[in-house]
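J.: In case you want the letters, here they are:
2 protein chains.
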Amino acid sequence: MDKKITILGAGLVGSLLSIFLSKRGYQVNTYESRPDPRKADLSAGRSINLALSHRGLKGLHAVGLANEVKERCIPMPGRMIHDLAGDLNFQPYGKEGQYINSVSRSGLNELLLDKAEEAGAKIYFDYKCIEVDYQLTQSRFLHDGQELTISADFIFGADGAFSAMRNAFMRTDRFNYQQHYITAGYKELHIPPTDSGEFAIDPNALHIWPRGKFMLIALPNLDKSFTVTLFLPFEGEKSFEKLQDENSVRQFFQEEFADAVPLMPDLLHDFFTNPTSSLVTVRCYPWVKENCALIGDAAHAIVPFYGQGMNAGFEDCFVLDQLLEQHGELNQDLLARYQELRKPDGEAIADLALYNFIEMRDKVADPQFILQKKIEKRLNELYPDQWLPLYPMVTFSDLRYSEALAIGRKQQSIMDKVLADPEVESRWENLDFASIVAQL
Amino acid sequence: MDKKITILGAGLVGSLLSIFLSKRGYQVNTYESRPDPRKADLSAGRSINLALSHRGLKGLHAVGLANEVKERCIPMPGRMIHDLAGDLNFQPYGKEGQYINSVSRSGLNELLLDKAEEAGAKIYFDYKCIEVDYQLTQSRFLHDGQELTISADFIFGADGAFSAMRNAFMRTDRFNYQQHYITAGYKELHIPPTDSGEFAIDPNALHIWPRGKFMLIALPNLDKSFTVTLFLPFEGEKSFEKLQDENSVRQFFQEEFADAVPLMPDLLHDFFTNPTSSLVTVRCYPWVKENCALIGDAAHAIVPFYGQGMNAGFEDCFVLDQLLEQHGELNQDLLARYQELRKPDGEAIADLALYNFIEMRDKVADPQFILQKKIEKRLNELYPDQWLPLYPMVTFSDLRYSEALAIGRKQQSIMDKVLADPEVESRWENLDFASIVAQL
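Taken in sequence, the protein lines are chains W and A.
By the numbering used here, the letter at position 41 of the first sequence is numbered 212, and the numbering carries on one by one without gaps.
By the numbering used here, the letter at position 341 of the second sequence is numbered 512, and the numbering carries on one by one without gaps.
Don't take every hint at face value.
You can't tell identical chains apart in this list, so a pair holds if it fits in one copy or across any two.
[Claimed, not checked] The calculated BS3-like cross-link candidates involving lysine-lysine, where the alpha carbons are at most 27 Å apart (straight line), are:
| no. | residue 1 | residue 2 |
| --- | --- | --- |
| 1 | Lys548 | Lys460 |
| 2 | Lys514 | Lys175 |
| 3 | Lys409 | Lys514 |
| 4 | Lys241 | Lys384 |
| 5 | Lys460 | Lys413 |
| 6 | Lys293 | Lys581 |
| 7 | Lys210 | Lys384 |
| 8 | Lys384 | Lys514 |
| 9 | Lys210 | Lys358 |
| 10 | Lys460 | Lys409 |
| 11 | Lys460 | Lys358 |
| 12 | Lys293 | Lys210 |
| 13 | Lys194 | Lys174 |
Note that these hints are calculated values from the structure, not bench results.
Sequences are here, hints too, so could you generate the full structure?
T.: Below, the structure written as structure tokens:
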């Protein structure tokens, strides 16, 4: 098998896909618009750390990398909710022993690049894709001031939310496309290690300061710092547009996140140095045209609130590899099957991610929500095969996102009825759990 | 007032807007990518005739053109439904004396161009807009192989579903955008006048051959021909992809539209000569950036099934002119107000137009639907100020599209309850109409 594959993008998904396809014997050439991150500091811009969970690990496991990656991870078995008074409340994500992993984007990307090259992929940096001709299976690049045209048997667009391949698809008839920005943006901040070189707060949690329409979160890094992100509307009463000077920023943080302020000595510097970035959901169809296919964010860029962007992209690669395992060769039928399998799941995780912003910024502080979590935990203990709450379904299971979403909606409508009982809070431990489960 | 305005597009909306703004004393320069239709035959491509109704006429009336245009119209007071057996059923659109108008796109456009020039607008043809800089209020054109940059105080993008101004907006952060193609496409066909030079079928109706998932329609032309349009899925059991040879086309038409076949002597020629075109809905936001604004299809391209595309665009122009009447000068506040007023209505008419495909191709042949129309007609006769059915609200009233849609949804949920009565068909004339209206 000597088929030649062009992969656009050597980010997380492009590198993992390069490994999968090289291991299947394809001749893989991967083109990345940025410089080699192993040689240049590219920390600016993208979120520094990510939450790696089951679906992502499944993809890494399939190429033999799960253990190596896990060594670089910090487990986060739950959310640590910080209320206005600074009081803490820990909400586990799943059962004992289940956790999501804080991992460095650049560290993971560099490892995947090394492994892709070891597997035989050739990776070209500073190649900016300016055009894809899906009919000729050709991509055109700008490199060192020169234009180059590269032909291949297949092209994968793993080139992210602003994909060049998708732009080419956009100019074809009957291409459905949607880009939708939420009204909130984000800004990265930083909690350094303490003077004694320790984590300033509990490293084994994803910290959330939920404040209704906005929130602050913090994820631990291996260097004992935390990456902090403020999610806040661009406009409105409490918004980025209202935070234009040091006084208003200081006052806002003091009022809303008082316990976090002493942890961020560089708050004002970071706030005015780091960019305010927008958050987009991209949906499109088809993902495949002839021998060209979109994958990862290029096919389904989502907001970060379920921690599933990378995981969904890695699962795309895993599903494609499983199809190769079952059917042998890469061809248009196989790409059509990939699209058919993954499109509904891309839609579902986009919806779930949007929903989870509301959960994180608002609901986690709501007593009704906390009670629901308790009841669902009990349901899961009593009927582990029948009732798995939505978060663990999405995060710790192999269930398709689209199925998880459908089951989650059904569960929510059942729970809405359970919680409508005005006395549920006092008598929840004596609910007729069997009849609740039976409604599913 | 010597403010300079660039209008992109001299189609129906661009020409009408040129008239409105010239009459307000602005210095209007309008750039059109195609040649002057008054000098070249451009009949290929766009639909030959359109349904002009109240909102469009309101815009034409405001510039003193309603009567002149009405002389070129053929009134269509209702739908003429052709069933499989060729039996006819006439369904009025509104009350006695209410009708929509079949009008020639090119004839109307040419009249508007003449009037725009009379009003003082300069219209430049064969100027293809390749870039809009909304910050500099500049547009760049390709004309005669040369690039030209034109500065202005304001730019309006009246350049249709594939707007160059919208493309420029697309490259800015936080621009929400959606393009969605329905699964059906369309092809234009033709019913010529009879040998004796008469209309082959009743000219005072919009003819529909509703067949569930697809349909044929026919609108009269002044030359006593009809423009016929087949709306059919691209793929599937009965679809364009199944109609690849003369035999299958002949057989399909014979089975589905037997009474229309003898009226179309050039059916096979037309079918294989005319293109199969797609149908897109475009939604976007914002419509306005600094001194640049989208209008008409550029802001809200819709499917043609409510006959409202041109009418909605003309109403955009009318609303903008009303704002100028109220507030005096064109400025960013006024453009923001225009956007705020029209965006919800653009969304609403997009939804209504999508819905009406189902009504036209399917429901008009459904006895339940026909019964509902009868009951609603009676409700309207008894309570003319309280119950106006959806179609006349959209087509014959000044009510905002968004309000019409909201009221229409409420009416439908009331009618669903009324029609749920298994004996409604026999006893509908004795319904408690007062209590039905009271539910609104």
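J.: Now look at each hint and say whether the structure bears it out.
T.: Comparing the hints with the structure gives:
1. Within a single copy, Lys548 and Lys460 get their C-alpha atoms no closer than 44 Å, and across copies no closer than 49 Å, so neither meets the 27 Å cut-off.
2. For the identical chains of this complex, Lys514 and Lys175 are intra-copy neighbours only, at 25 Å inside a copy versus 48 Å across copies, given an alpha-carbon limit of 27 Å.
3. For the homomeric pair Lys409 and Lys514, the shortest alpha-carbon distance between copies (25 Å) is at most 27 Å, but the shortest distance inside one copy (36 Å) is not.
4. Taking the closest pair of Cα atoms, Lys241 and Lys384 never come within 27 Å of each other, the shortest separation being 34 Å inside a single copy and 53 Å across copies.
5. In this homomeric assembly, Lys460 and Lys413 come within 27 Å of each other (Cα to Cα) only across copies, at 21 Å, whereas the closest approach inside a single copy is 45 Å.
6. For the homomeric pair Lys293 and Lys581, neither the shortest alpha-carbon distance inside one copy (47 Å) nor that between copies (61 Å) is at most 27 Å.
7. Taking the closest pair of Cα atoms, Lys210 and Lys384 never come within 27 Å of each other, the shortest separation being 40 Å inside a single copy and 58 Å across copies.
8. Taking CA atoms no more than 27 Å apart as the test, Lys384 paired with Lys514 passes between copies only; the shortest distance there is 25 Å, against 30 Å inside one copy.
9. Only within a single protomer do Lys210 and Lys358 lie at most 27 Å apart by alpha-carbon distance; the minimum there is 26 Å, versus 57 Å between protomers.
10. Taking identical chains as interchangeable, the C-alpha atoms of Lys460 and Lys409 lie at most 27 Å apart only when they sit on different chains, with a minimum of 24 Å there against 44 Å within one chain.
11. Taking identical chains as interchangeable, the C-alpha atoms of Lys460 and Lys358 lie at most 27 Å apart only when they sit on different chains, with a minimum of 24 Å there against 36 Å within one chain.
12. Taking identical chains as interchangeable, the C-alpha atoms of Lys293 and Lys210 lie at most 27 Å apart only when both belong to the same chain, with a minimum of 16 Å there against 57 Å between chains.
13. For the identical chains of this complex, Lys194 and Lys174 are intra-copy neighbours only, at 13 Å inside a copy versus 65 Å across copies, given an alpha-carbon limit of 27 Å.
Hint compliance for this structure: hints 1, 4, 6, 7 are not met, and every other hint is.
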